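**Student:** Chain residues, written in single-letter form:
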Amino acid sequence: MSQLVFDPSKVMDIDYTKRTEYLDGLEAIKAAHKVLKEITYTPSLPDKGYTNRSLYVNVDTLEITEKPVTQQMKDVFIGGRGFGLWHLWNAVKPATRWNDPENEIVISPGPVAGMTQYAGTGKSLVVSLSPQTDIPIDSNVGGFYGPLLKFSGFDALELQGKSDKDIILFIDGQKGLIRIEEAPTDPVDSHVLAEVLTHMYAENEADLPNISVVSTGAAAEHSLIGMLNFSFYDRRRKCVRFKQAGRGGIGTVFRDKKIRALVIRGPKVAGDMNHPADPETIAKTGIKYHKEIRENDGSQCMMRRNGTAHIVEIMDAYDLLPVHNFQFGSHPDTHKIDSAYWQSRCTQHTVDGCWYGCSMACAKGADGLVLKTGPYKGDMVTVDGPEYENAAGLGSNCGIFDPDYLLELNFYCDTYGICTITYGTLCAFVMECYQRGILNKERTGGLEMVWGNAEASLEMMHQMARGEGFGKLAGQGVKKLKERFIQNAWGDPQLITDIGMENKGLEYSQYLSKESLAQQGGYALTNKGPQHDEAWVIFMDMVNKQLPTFEDKAEALYYFPLFRTWFGLNGFCKLPWNDVAPKNNSSQPEAHKIPEHVQNYVDLFSATTGIQIDKEELIHQSAKVYNFQRVFNIRMGKGLRLHDAAPYRSMGPVTKEEYESRAERYDKQIVEEMGLDPVGKTTEEKMALHREWRTGRFSKLMDSVYTRRGWTLDGVPTLERLKELGLDVFPEVVEVVKQHL
Amino acid sequence: MKQLVIDFQKCDAGRNCNHECEMECAVRVFKVDDPKQAALQIKAYEDGGGHAVLCDQCGDCVVVCPTEALKRNKLGVVMIDKKVCVGCYMCIGFCEKEAFMRNSDWLTPHKCTSCGVCVKVCPHGALSIVDVPEPPVRII
Amino acid sequence: MITVNEEPLAWHEGMTVREVLTAKNYRFPMLIIHVDDALIQKQDYGTATIPDGAVVKVIHLISGG
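Residue numbers (the numbering used here), protein chains in the order written: chain A, 1 to 741; chain B, 1 to 140; chain C, 1 to 65.
In isolation and in its complexed conformation, chain A is listed as follows (with noise of 0.2 Å):
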């Protein structure tokens, strides 16, 4: 064991102000804009966490009104995910798809968001119809558009129907108004957009961090795979930096609805703007956890010096770091893209997070990269320093391990406005494809999409971006990639199927799962299809051993993903939950939970409403809305037992090259859980036995968490389930149920 030591000797000597301006065309762009609509309003600040408005704006028919928020909407739904899904909930059919004009895109930052207090309380969650998955899916971002909208007197926004020519909203909570202008010039990439439209907006220098803008970039056009830029203003670097709403496509329904950006000015924050029940629990709250990591990161994840990345190294050494398209789980050149090296090129004298308050400030930044290609090669840029997501997915998943180019494509999905987890995974089963002869040369047009070629998938992602060639179809995502490369006969159906990594439309998230029969549950059985925002269970079951049986697993599939729900209900970010724990942590019981972090929810949330709760009504909260958005997929035509099946790939060796890989391993399993010998037998043979016993107990673990939910077999919640979340209420919601029970 060998803990990284902070070495700031060794940190990059690279200025950290100097970048390529793009503020050239700003007067130009400005003078094109033409409004289409101006209304005024009265802003107002949230009491106790809630505006109790939100506001509806159809981009079609110019229409802006305010609606209520209910207190029935508080009591079900919380705020942020809650609210996105009820308000789309009302908003579309059974039938409506991603790009029906009823289809709407809910930005809600919830009741704790805004806080100034604690670490990571400046999220939005983004809900819409998605593209890839054609249920609704929900993403959780940072920046400052979200806590922006509530101080100027939204607790959620609402964006329906599908203009024909390119508009910007732009809401001004200082002055009270709402503008829909046209925008006929505006550049098209996060990166350049985003700057021009935040200095565009800002009436003086001291004013550029009271704005915030949600855009996209010229991918989010031609795929199905577009993500969300929140842009948040970094005073010392001055430069407008993102976090990104990156999962499901809402990037691309964003710019169906011709939506080219949302311009928010709030006003200038201060630490009480939230009108807390109880402010002073919240101060002593907030002052204890900074304490926390002051005293304890530097020595347990070093969030503050490595972001995420911290984990490259970890998840190699226990062969959980996805490689060459999760075939393994480690890979010799690791160590030139691990946290050492990140932490070396990371800016670290500067202040690194995407809301006021976060200590923990994981959000790093890597400047002065000189772009190699596309349309801004020769740019100096500052690129979110990578985090584990994206160094695992866009490198070693797809055997790429040079720093700069990592860094690069890192930007360009960030500008270009993709998801680098869905790029990461379907670049790398791309790679698989060629690899194996699926696809070649003549397929792809010419990409020689082998493993570690990154300028190969540099020019895919600008192929993406043109909306050309064999990037425009990559760009459909992994599941209907299977599905072409199977139609043209391009290989064996049952590989392809296999290797392909997406549950119910959405690619996987960058851990490998084999060994882990929780986990393999904890990313099929979502809602919103494969990712580890609801559940992380691999060392809890896989090197842990403290899920046994299948009960214990189940209830690890309970409460975690319930736990982890409730952040994106109020505004929360998970990672200061577990990235850092108190001192005596160790000696509490059920200490993977982080007891003293998880009071800490519970009396950040009773302090800002004034309603008191704990731990268990906090689950119960979270079951609501996770049980709700259940039955909003079956009402969508999904969300059954079938929609939840795993990828083989997910559960075991698809692959001689996998199995020979972990002989060891997988013979020993033969031998101690299938009580069978494996002498004597082909590798053909035990990877046969491997699959018959792994979608076996895979089966059985679908039973066994559908069982602690309350749901039937085939994956429904029961009625006395939604009566005892209180869901009943809802004529329609037990009409959906009833037809499937």
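Hints were generated in silico from the structure; no laboratory data involved.
Note that the structure is predicted; figures quoted are calculated from it, not measured.
Heads up, the beta-carbon is just placed ideally off N, CA and C, and yes, glycines get one too.
A portion of the hints provided could be inaccurate.
Residues from chain A that face chain C, not an exhaustive set, calculated with beta carbons under 8 Å [claimed, not checked]:
#1 314
#2 317
#3 543
#4 587
We have chain A; now place chains B and C onto it with these hints.
**Tutor:** Here is chains B and C on its own, set in the frame of chain A:
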């Protein structure tokens, strides 16, 4: 930079005085009649001697402040701009000397600014303002 | 022989907690370690020795994003 220092050869940790320094700071600087709100706090040890909680202008808080509300002035003293501060209290949590303070009635935190009002009232002459070099910026 | 997270591991006289972590390649920084139900503090990993036949539990917390 200007720094308030205390000489515990002279200060007897409040055993034979009325905490004039704290009172003067509270009343003159913070306009409150409560020595607990002063930017320096003299604590007596049970077995003799004592220590003072006070800001030595190390600048750690300047590094962690997300809004640049904390900056050194011309004299090197770390000052807070209350108009810019968002009350996140990271300065309080990250202060190793626990010299950044909070009054429940105020939104913004406060600390010693080496103004010296306490120096003049100390009956033992234990306090002084000295001029010392600024420490290098630390990565926190 | 000792048991570490339900798996056997060869034991030697004077074996420390840190040696167990090295042998298992347990590199994660957020661990909770019990030797025969006694909690071992992080600062003692290098000195705390493990008796033969001990049951060692190395609980990894959750991290990352």
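**Student:** Would you list, in rising numerical order, the hints stated earlier that this structure does not obey?
**Tutor:** Violated: none.
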